[in-house]
Amino acid sequence: MPTHPNLRADRTEGTGAMNTPSARSIYVARSLPAAIDALNEYGSAGAPFAGGTWIMRSPIRHEPHQPHYVAIGKIPELTAIRIDADIVEIGAAVTHAALASALADLPEFNVLATAAGRSANPAIRAMATVGGNLSTSGFAAADCVPALLCLDAEVEISSRGDHERIGLERFLKIRPTLGPGRLLTRIMLPRSERKTAHARLPLRKSGDYPAAIVSLAVSFDATDRVQAARIAVGSVEPVARRWERLEAALVGGPLDPAQAAEVAVELANEFSGRDSVELPAWYRVSVLPSLVRRAAVAALDARMES
Amino acid sequence: MVLSLTVNGDRLSSPTDPITPLIDVLREDFHLTGAKPVCREGFCGACMVLVDGLPTLSCLIPAALADGCEIRTVEGLAVDGTLTPIQAALEASDAVQCGMCFPGMVVTLTHLLTTKPGATREDIRAALTGNICRCTGYERIVEAALIAAAGK
Numbered sequence: 142m143p144t145h146p147n148l149r150a151d152r153t154e155g156t157g158a159m160n161t162p163s164a165r166s167i168y169v170a171r172s173l174p175a176a177i178d179a180l181n182e183y184g185s186a187g188a189p190f191a192g193g194t195w196i197m198r199s200p201i202r203h204e205p206h207q208p209h210y211v212a213i214g215k216i217p218e219l220t221a222i223r224i225d226a227d228i229v230e231i232g233a234a235v236t237h238a239a240l241a242s243a244l245a246d247l248p249e250f251n252v253l254a255t256a257a258g259r260s261a262n263p264a265i266r267a268m269a270t271v272g273g274n275l276s277t278s279g280f281a282a283a284d285c286v287p288a289l290l291c292l293d294a295e296v297e298i299s300s301r302g303d304h305e306r307i308g309l310e311r312f313l314k315i316r317p318t319l320g321p322g323r324l325l326t327r328i329m330l331p332r333s334e335r336k337t338a339h340a341r342l343p344l345r346k347s348g349d350y351p352a353a354i355v356s357l358a359v360s361f362d363a364t365d366r367v368q369a370a371r372i373a374v375g376s377v378e379p380v381a382r383r384w385e386r387l388e389a390a391l392v393g394g395p396l397d398p399a400q401a402a403e404v405a406v407e408l409a410n411e412f413s414g415r416d417s418v419e420l421p422a423w424y425r426v427s428v429l430p431s432l433v434r435r436a437a438v439a440a441l442d443a444r445m446e447s
Numbered sequence: 064m065v066l067s068l069t070v071n072g073d074r075l076s077s078p079t080d081p082i083t084p085l086i087d088v089l090r091e092d093f094h095l096t097g098a099k100p101v102c103r104e105g106f107c108g109a110c111m112v113l114v115d116g117l118p119t120l121s122c123l124i125p126a127a128l129a130d131g132c133e134i135r136t137v138e139g140l141a142v143d144g145t146l147t148p149i150q151a152a153l154e155a156s157d158a159v160q161c162g163m164c165f166p167g168m169v170v171t172l173t174h175l176l177t178t179k180p181g182a183t184r185e186d187i188r189a190a191l192t193g194n195i196c197r198c199t200g201y202e203r204i205v206e207a208a209l210i211a212a213a214g215k
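Heads up: the sequence lines are chains G and A, in that order.
Read left to right, the first sequence gives residues 142 to 447 (this note's numbering).
Read left to right, the second sequence gives residues 64 to 215 (this note's numbering).
Any given hint could be a false lead.
Each computed SDA-like pair below joins lysine to any residue, with the alpha-carbon atoms no more than 20 angstroms apart [said to hold, decoys possible]: (1) G:Lys215 / A:Val114; (2) G:Lys314 / G:Ser413; (3) G:Lys215 / A:Leu117; (4) G:Lys215 / A:Gly116; (5) G:Lys215 / G:Ser242; (6) A:Lys179 / G:Ala238; (7) G:Lys346 / A:Arg184.
No lab work stands behind these hints: they were computed from the structure.
My request is simple: use the sequences and hints to build the entire structure.
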């Protein structure tokens, strides 16, 4: 690549980030093997580029760009959604807008359709990808992460000649250390009879990151009692996680939003909120019971509609 | 690296770094200063342009990924100096205030009224959720869009 003639194009200037513009490249991969080969070749100097909504803001976070990016948004299998009778498979480069649209008529995935369809704003949703949401360790407020946790998602990690399938909770633990050449390629969701809901509290109705997120999936027995529950909390701590004690407390009884919120008040102290420029840590924790109540109401509404 | 971009029907080239945001190439290399780099985070919508017909935040797309796409900026909407219906409605409604958000508003509304000619107030408000007007002049903007949608 020729030396860049004009340094104004390097938007890291003055932000503390350092890069040599002339050394950077974006390779647009047309197939998965090509993308993985390129990532292997670049090693630690390269990274996948999906929607770019996080990477392009690196200068604002005073983080340098990687020297090389491998664009994965044009790889057919990564932009496909397959809906079968017992499983839904989502390519990692599926955008939030495409995901929300594809799941719109599947009530059991309300939680994910809402997460994908309400995040940020329309133009961001047309760019941001589900795989980007899962792979970005620094993005605590990603809506799709708690939604997929409550749906018991598994993910596929591809590398040269290998496809590994692991649970999402495990992936969230290993993602900061995922080696070069290993790429999140698919998300697998088991299908089942359940009611789901996604409750989020942004500072404004649209556009802002949520202060806190509660994602809920519940199944009921023949007597309308909660048979199984999965609840995940996002944006409160640096990494989204399940709220297992609350899940256990809900099982065996009817889903009562007020009672669920009361239990959430008792159990909320197991979360350590994260401080940020827009919100203090305590506030994120304090709104959790209200979000639990809202999620329970939405799940019951979905049950009434079915 | 020399990028070749199609902007408002013209084939233009830029010897730019591939990760450079499209907005910077449009403004600084091609001198198309309608789109504004305000937040550079995708939250304000002032940098909105149409890429292959879709409203796109030009602060978040690297110029290299716009190569081969049809890019249309606010400068390329009017044909032979004749305002489009939404541009005319915004002018007639005196909806423009400081002008910083406006190119983005016009681009977003152009797409909405193209894809949904009979857009309702709710459709317009939903479409504009990613376009922030710091002058808070939303009501006149929405009213102008309703006038354009009604073909008045």
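Numbered hints the structure breaks, given as an ascending list: none
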